[in-house]
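Novice: If you read the sequences in order, they're chains A and B.
Numbers 4 to 724, taken from our numbering, label the letters of the first sequence in order.
Numbers 16 to 168, taken from our numbering, label the letters of the second sequence in order.
These are calculated hints, taken from the structure and not from any lab test.
Errors might be hidden in some of the hints.
[Claimed, not checked] Using 25 angstroms as the maximum straight-line C-alpha spacing, the simulated SDA-like pairs for lysine to any residue come out as follows:
(1) LYS504/A x THR714/A
(2) LYS257/A x GLY90/B
(3) LYS155/B x PRO201/A
(4) LYS222/A x VAL74/B
(5) LYS405/A x ALA247/A
(6) LYS222/A x GLY90/B
(7) LYS502/A x ARG312/A
[What the hints assert, rightly or not] Here's a subset of chain B near chain A, in silico, CB distances under 10 angstroms, partners left out:
(8) LEU37
(9) THR49
(10) ALA60
(11) GLU84
(12) SER92
(13) THR93
(14) TRP103
(15) GLN115
(16) ALA139
(17) GLY148
(18) THR149
(19) ARG152
(20) ARG154
For each residue, glycine too, the CB sits at the ideal point set by N, CA and C.
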Amino acid sequence: MSVSELSRRRFLQLGLGASAGLLIGCGSRELDPIASFATTREEQRFRNAWLHIDTDGGINFIVPSTEMGQGVQTALTMLVAEEMDADWIRIRTTFAPYDPAFDNPTYFIQVTGGSNSVSSYWLKLRKLGAAARAMLVEAAAQRWDVKPGDCSVAGSVVSHPSGRSLGFGELAEAAAQLTPPDDPVLKTPDRFRLIGRPVPRLDTPAKISGGAIYGIDVKLPGMLYATVAQSPVFGGKVASFDEAAAMAMPGVRKVVALDDGLAVVADSHWRALKGLEALAIRFDDGPNADRSSEDFTLMLEASMQKMDREPFPDAAQRLDVEYQAPFLAHQPLEPMNCTAHVTPTSCRLWVPTQNLHGAAAAAAVVTGLPRQEIEVNVTHLGGGFGRRLESDFVQQAVIIAKDVGQPVRLLWTREEDMQHDFYRPVTRARFQIALGADGTPEEWYTRIASPSSFQKVLADNFPEFSWLPVQALLGDVNMLAGLGKSFVQSNPFPYAVGKLKTEDEIMDIPVPNGSHRSVQHSFSGFCKEAAIDECAHAAGQDPLAYRRRLLAEEPRYLGVMDLVAEKADWGRPPPGRFQGLAVHRSFETYVAEVAEISFTEDGTLRIHRIVCAVDCGVVVNPAIAESQVHGAVIWGLENTLRCEITIRGGRVEQSNFHDYEVLHLHEAPDVEVHFVPSAEPPTGLGEPGAPPVAAALTNAIFAATGRRIRTLPLSRHGLSI
Amino acid sequence: MLTLKVNGQTMDVDVEPDTPLLWVLRETIGLVGTRFGCGQGLCGACTVHLDGVATRTCVLPVSDVGTAEITTIEGLSTDNSHPVQQAWTELDVPQCGYCQSGQIMAAAALLAENPLPSDSDIDAAMTNICRCGTYSRIRKGIHRAAGLAARTQ
Numbered sequence: 004m005s006v007s008e009l010s011r012r013r014f015l016q017l018g019l020g021a022s023a024g025l026l027i028g029c030g031s032r033e034l035d036p037i038a039s040f041a042t043t044r045e046e047q048r049f050r051n052a053w054l055h056i057d058t059d060g061g062i063n064f065i066v067p068s069t070e071m072g073q074g075v076q077t078a079l080t081m082l083v084a085e086e087m088d089a090d091w092i093r094i095r096t097t098f099a100p101y102d103p104a105f106d107n108p109t110y111f112i113q114v115t116g117g118s119n120s121v122s123s124y125w126l127k128l129r130k131l132g133a134a135a136r137a138m139l140v141e142a143a144a145q146r147w148d149v150k151p152g153d154c155s156v157a158g159s160v161v162s163h164p165s166g167r168s169l170g171f172g173e174l175a176e177a178a179a180q181l182t183p184p185d186d187p188v189l190k191t192p193d194r195f196r197l198i199g200r201p202v203p204r205l206d207t208p209a210k211i212s213g214g215a216i217y218g219i220d221v222k223l224p225g226m227l228y229a230t231v232a233q234s235p236v237f238g239g240k241v242a243s244f245d246e247a248a249a250m251a252m253p254g255v256r257k258v259v260a261l262d263d264g265l266a267v268v269a270d271s272h273w274r275a276l277k278g279l280e281a282l283a284i285r286f287d288d289g290p291n292a293d294r295s296s297e298d299f300t301l302m303l304e305a306s307m308q309k310m311d312r313e314p315f316p317d318a319a320q321r322l323d324v325e326y327q328a329p330f331l332a333h334q335p336l337e338p339m340n341c342t343a344h345v346t347p348t349s350c351r352l353w354v355p356t357q358n359l360h361g362a363a364a365a366a367a368v369v370t371g372l373p374r375q376e377i378e379v380n381v382t383h384l385g386g387g388f389g390r391r392l393e394s395d396f397v398q399q400a401v402i403i404a405k406d407v408g409q410p411v412r413l414l415w416t417r418e419e420d421m422q423h424d425f426y427r428p429v430t431r432a433r434f435q436i437a438l439g440a441d442g443t444p445e446e447w448y449t450r451i452a453s454p455s456s457f458q459k460v461l462a463d464n465f466p467e468f469s470w471l472p473v474q475a476l477l478g479d480v481n482m483l484a485g486l487g488k489s490f491v492q493s494n495p496f497p498y499a500v501g502k503l504k505t506e507d508e509i510m511d512i513p514v515p516n517g518s519h520r521s522v523q524h525s526f527s528g529f530c531k532e533a534a535i536d537e538c539a540h541a542a543g544q545d546p547l548a549y550r551r552r553l554l555a556e557e558p559r560y561l562g563v564m565d566l567v568a569e570k571a572d573w574g575r576p577p578p579g580r581f582q583g584l585a586v587h588r589s590f591e592t593y594v595a596e597v598a599e600i601s602f603t604e605d606g607t608l609r610i611h612r613i614v615c616a617v618d619c620g621v622v623v624n625p626a627i628a629e630s631q632v633h634g635a636v637i638w639g640l641e642n643t644l645r646c647e648i649t650i651r652g653g654r655v656e657q658s659n660f661h662d663y664e665v666l667h668l669h670e671a672p673d674v675e676v677h678f679v680p681s682a683e684p685p686t687g688l689g690e691p692g693a694p695p696v697a698a699a700l701t702n703a704i705f706a707a708t709g710r711r712i713r714t715l716p717l718s719r720h721g722l723s724i
Numbered sequence: 016m017l018t019l020k021v022n023g024q025t026m027d028v029d030v031e032p033d034t035p036l037l038w039v040l041r042e043t044i045g046l047v048g049t050r051f052g053c054g055q056g057l058c059g060a061c062t063v064h065l066d067g068v069a070t071r072t073c074v075l076p077v078s079d080v081g082t083a084e085i086t087t088i089e090g091l092s093t094d095n096s097h098p099v100q101q102a103w104t105e106l107d108v109p110q111c112g113y114c115q116s117g118q119i120m121a122a123a124a125l126l127a128e129n130p131l132p133s134d135s136d137i138d139a140a141m142t143n144i145c146r147c148g149t150y151s152r153i154r155k156g157i158h159r160a161a162g163l164a165a166r167t168q
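Next comes chain B alone, as it looks inside the complex:
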């Protein structure tokens, strides 16, 4: 039995220790907003925050999570009110939307660390794959979210 802290709640899970955190979140806990894309940490669809750091969970054994606070897309806000989600709404960023939980979590982690990222900061941080090609709106969305966050502070 392992104990995880997910979106502010503590919960016990009974799974093999090598099970990737992604599948524990999706199947054991039932938080399906974090998605499976490649299984090799290449695409970023499975990105969540571990103690605020964007982390790809499809290759992360649950036993390695330890006491880190896990935040999933469901825990980012309850009402799409996080600045990244507000910016994504304004710009209608998603197309198929499948990668967007991961994109949003990666963008939120970037902004938490760097509130006013440059284009090259965004280039370096946003390595998640989007097959629909929403990249330019993601870039605009991050700049917009930076502006929104600055205004509310």
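Chain A on its own, in the form it takes in the complex:
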């Protein structure tokens, strides 16, 4: 993809309208009818074109999700190409610009998150491909005066037993005159040629040549460069600054005021940074200047005291335990950035974002333009992990570009990124569990407390409804993900316990929080799976056998546990090694993991391997799927071992990768990934590998040492690898 392809208008002129052929597409909803026509007329009327078959046989597919490494560019294209029987190497892809036609069919806005791209497009994109195939076959059958059912397709060529054959390109114009089928027939899995195979990623060549275009690589004629400093204390404001000193620096063009900071605009990024330094900003720290992580823990502990003190006086055995996990940062390697060009009548953005809808909403608020008039072009994302669901940096870029009146690229420093993230919230849970004489939990009470971003997400993405007190009315429905059984929770607490009771409290903690790869599951997967391990040990039972008994009615849980037990040789670790098990369902996918560890003589933790068993339904691309689980395990591991954002003086203490120590290559253990064979529709995969890691590891540490770790990270307990 080149920069010239990034503009929506150019995309329509060059990407689709440049040559004749068949355009085929539909609206964003699952049941929207498929439509088509020839590209030689009325291109502008047909903005919701997803697929273009050129008269030379080239195929361009518009990828509706954003590519942040999870492989959707390849996986979604496979769905279309599979049903088309298209020649894989003739397919080109373009990322969809902001347009309601490309809204996510599950979320009804144009956003990529929640591990749902493949699952929510599974039928829709296959139908699109099947409709294209049916029309091309029909065109060939009419030309030859034969029955469509007698024709076959392979490699973008329609053939007839008589020996005649025509390529898709030769048929495209004729097919464009036909009416698309309402409900095209999909392949049965035994006929899949792509789905289920490790098809090479479409983005690899550009990503190893340096040629892939990320947000930071966008360059427009006359573009200026901006960088920002925001109040390090959350809620602080600018108190004073030396504008004249900044403006005297070479290349500095402007100082722009932001809500909680300042931007410097210059003719190069380095000059903008030097200008920012010369600006000598002083901040008024505001009301949060004395807040700290210790305060927040005291608040969370106080919340836990709201449970009954002695709920089960007559139980054979009782557990009353509390778990806590800290704030975590995302830190995708590409720092936050957005390129914007704003005029009184237009607003054009080039931005690596998971959330085109949110980007447009933010730009609409600043410019006053209608949301549908905002042009949003998406680039490759240098990581997302949920950070790029937020549009704070987009709003800043639009404010700056509006002030400057010419194209501007805003780029944050790593330090701004680290200190102005939307963190996985600090969370604490308390379990009160009564075990019966046979060790089965007869009562299982859970209380959970954390800050929430529910109201903020609503206000950011739907400013017109920000007055609705949704959080006050409903609470945060996601806080109990995996822990409760409310009707809104798609991943309920799975264990067959006698009585389940849950409570939750949203805490008023002045630190921004948001979705962080696997969201609430990163905590619930830890505390639930460690607590059930405590129950198994209290009951004197093997943790696998104990779980199997409480999940006897859950075949997919049993499936992943049995597979991981087989692959990890559960119960028979090599001498000196110890195992821990955890199983968790998130984003409708079931994952069981076994950590195999030992300790050296000096007490250093050695993680020999993490074995994973995954049931995500049909695996569309096993090579990409494996890499996603792999990455999620590494993510979960660094967050278990040592990553932690701490607050002192109302500000984040960490500032870069020297004090927010993510995992490096030499520390990455062997990760084995096994998939349960399945014909069920695909479910999430980008995130579900992360939640079981922490408990698998802490349960293994308990097996090795008898020490139960209930607060993360492990570095707080003197444990390190």
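Could you slot chain B onto chain A? The hints should help.
Specialist: Relative to chain A, chain B alone:
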């Protein structure tokens, strides 16, 4: 005015001498395959070769480059044919890909110095950060590239 040798070409650049080489490559010369990640030499996204040695350019003032030959990802090969790039293709190493220019340059420098690195050689040399967690494929990729390079020699 400074003179740089980049990917075999000599070019003059007019920038402040304290400007890090990274920004000169990206903004002045227009080679954007070398990327910015941390600004403190911690993550390695900005790795290029200076006279064949893997070097982090976000903290390297352009005035310190001198006469060293600079090779960026764009100069490693014109057709992804370097053994590291071939191995990366075979194994589909990148996920988001943002760190991969730096990873590839670090791996290529390692192999140039040590054609058959052990796992512990790789552990010591490959200190670049990947947030997607592609580490095991990077390790496999380096071993594979070592094999490919040995075969073509």
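Novice: Hint by hint, where does the structure go against what was stated? Just the numbers, ascending.
Specialist: 2 and 11
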